[in-house]
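Please build the complete structure, drawing on both the sequences and the hints.
This is what each chain is made of:
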Amino acid sequence: MPGRELTVAARVSVPATAKKGEPVEIRIAIQHPMETGFRFGIDGRAIPKNVINRFSCRFEGVEVFSAEMGSGISANPFLDFYATAEKSGTFEFEWIDDAGVRGRESAKIEVA
Amino acid sequence: MRLLVATVVCGASLALAADRPAPLRSGVEFTGSDARALQADDVANPGMLWVSRGEKLWSEPAGTSGKSCADCHGDAAKSMKGVAARTVHLEERINDCHAGRQDARAFEPESQPLLSLAAYVAYQSRGMPMAIEDTPQNHASLERGRALYHRRSGQLNLACSQCHDDNWGKKLAAETLSQGHPNAFPEYRLSWESVGSLARRIRACYSGIRAEMPEYGSPDLADLETYLGWRSSGLPIESPGVRR
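Protein sequences appear in the order of chains W and H.
Position in the first sequence (first residue = 1) + 1 = the numbering used here.
Position in the second sequence (first residue = 1) + 4 = the numbering used here.
If you are wondering where the hints come from, they were derived from the structure by calculation, not from laboratory data.
Do not rely on the hints blindly, as some may be mistaken.
Unchecked claim - In silico lysine to aspartate or glutamate, DMTMM-like type, Cα no more than 25 Å apart, as pairs:
#, chain 1, residue 1, chain 2, residue 2
1, W, K109, H, E197
2, W, K88, W, E106
3, H, K85, H, E64
4, H, K71, H, E59
5, W, K50, H, D46
6, H, K60, W, E93
7, W, K109, H, D46
8, H, K60, W, E64
9, H, K82, H, D46
10, W, K109, W, E61
11, W, K109, W, E95
12, W, K50, H, E114
13, W, K20, W, D99
14, W, K50, W, D99
15, H, K85, H, D100
16, H, K175, H, E59
17, W, K88, W, D44
18, W, K109, H, D107
19, H, K82, H, E64
20, W, K109, W, D99
21, W, K50, W, E95
22, H, K71, H, D46
23, H, K60, W, E106
24, W, K88, W, E26
As the list claims (entries may be wrong) - Among the chain H residues that face chain W by a calculated CB cut under 7 Å, a handful are:
#, residue
25, V47
26, A48
27, M52
28, S56
29, R57
30, L61
31, E64
In this text, a Cβ means the ideal position worked out from N, Cα and C, and glycines have one as well.
Below you can see the structure in the form of structure tokens.
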């Protein structure tokens, strides 16, 4: 994804180990204001919309989950989804907001 | 005479005990099950994002001193353990260190780096009981705080004690009145969509009773924080707490 990279706090939870073919729960919380675009500042001007519009999770380069988000998603979004790992490897998470700021996280998993 | 002294002493200790609600109950008990579940889960708890950010800031150099918090204080898990239990106005203490020792520009009140550091420091004391004691150093502040707490003010002419001592557990519109303890700060409030300080929460109460809000860093807020800390002593620290 294009855009500037910025260190934003995110917390990921992926089980360290899993059995082959077993679904694993992946949870991620991302610090972001998710500004809706419907609010006005104290100067009376509209605060521009700035939300994480796309989130993706890749496993060893292959996209396994993605989400498109809009104004209706809360600040500091928390995503919870499942994936099945067939081999050991790394989950890579990437997201980008309307201001073009990008974030990344990753987590390893051992598949026995 | 001895009997009289005993009565007086007993009376005094009763008066002190009456200042603390009995039994002491943390605000988490008055909040909804959804916020409780968020607080209990470190991945879902949004306050932990501020803790993570604070952890990074802890070892980043700041100011002309070129020193980080860690350069003086080392591992926060050791050096900051218990600090939040015996310290009130954590944010101001951190800012004093930031401006005075690191020679950096003081953080703005309620700014994200300040809240992140405060959340990180408070997190090191999680589970420990609040232990703000009535010492010669803080006695004057505590007594001023106590007086403020019991003084009616604002257009609604309400004192803190009228909600948080006399009517806790009852409903105020959709909300359940808590005992007003500071043991989960800095805390994430879903209505703020952010972590905020105890000072911010107290200011919200001032606004609620239609009173003029004290400025951040004002003596009134500091005194109230001292009193609230003393009043909550014994409750376990929950930082970062989650509330509606």
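Do the hints match the structure? See the list:
no.: 1; hint: K109(W) with E197(H); result: violated, 30 Å
no.: 2; hint: K88(W) with E106(W); result: holds, 20 Å
no.: 3; hint: K85(H) with E64(H); result: holds, 20 Å
no.: 4; hint: K71(H) with E59(H); result: holds, 15 Å
no.: 5; hint: K50(W) with D46(H); result: violated, 29 Å
no.: 6; hint: K60(H) with E93(W); result: holds, 21 Å
no.: 7; hint: K109(W) with D46(H); result: holds, 19 Å
no.: 8; hint: K60(H) with E64(W); result: violated, 29 Å
no.: 9; hint: K82(H) with D46(H); result: holds, 20 Å
no.: 10; hint: K109(W) with E61(W); result: holds, 10 Å
no.: 11; hint: K109(W) with E95(W); result: holds, 15 Å
no.: 12; hint: K50(W) with E114(H); result: holds, 23 Å
no.: 13; hint: K20(W) with D99(W); result: violated, 38 Å
no.: 14; hint: K50(W) with D99(W); result: holds, 7 Å
no.: 15; hint: K85(H) with D100(H); result: holds, 19 Å
no.: 16; hint: K175(H) with E59(H); result: violated, 38 Å
no.: 17; hint: K88(W) with D44(W); result: violated, 54 Å
no.: 18; hint: K109(W) with D107(H); result: violated, 40 Å
no.: 19; hint: K82(H) with E64(H); result: holds, 18 Å
no.: 20; hint: K109(W) with D99(W); result: violated, 29 Å
no.: 21; hint: K50(W) with E95(W); result: holds, 20 Å
no.: 22; hint: K71(H) with D46(H); result: violated, 30 Å
no.: 23; hint: K60(H) with E106(W); result: holds, 15 Å
no.: 24; hint: K88(W) with E26(W); result: holds, 16 Å
no.: 25; hint: V47; result: holds, 4 Å
no.: 26; hint: A48; result: holds, 6 Å
no.: 27; hint: M52; result: holds, 6 Å
no.: 28; hint: S56; result: holds, 5 Å
no.: 29; hint: R57; result: holds, 4 Å
no.: 30; hint: L61; result: violated, 10 Å
no.: 31; hint: E64; result: violated, 11 Å
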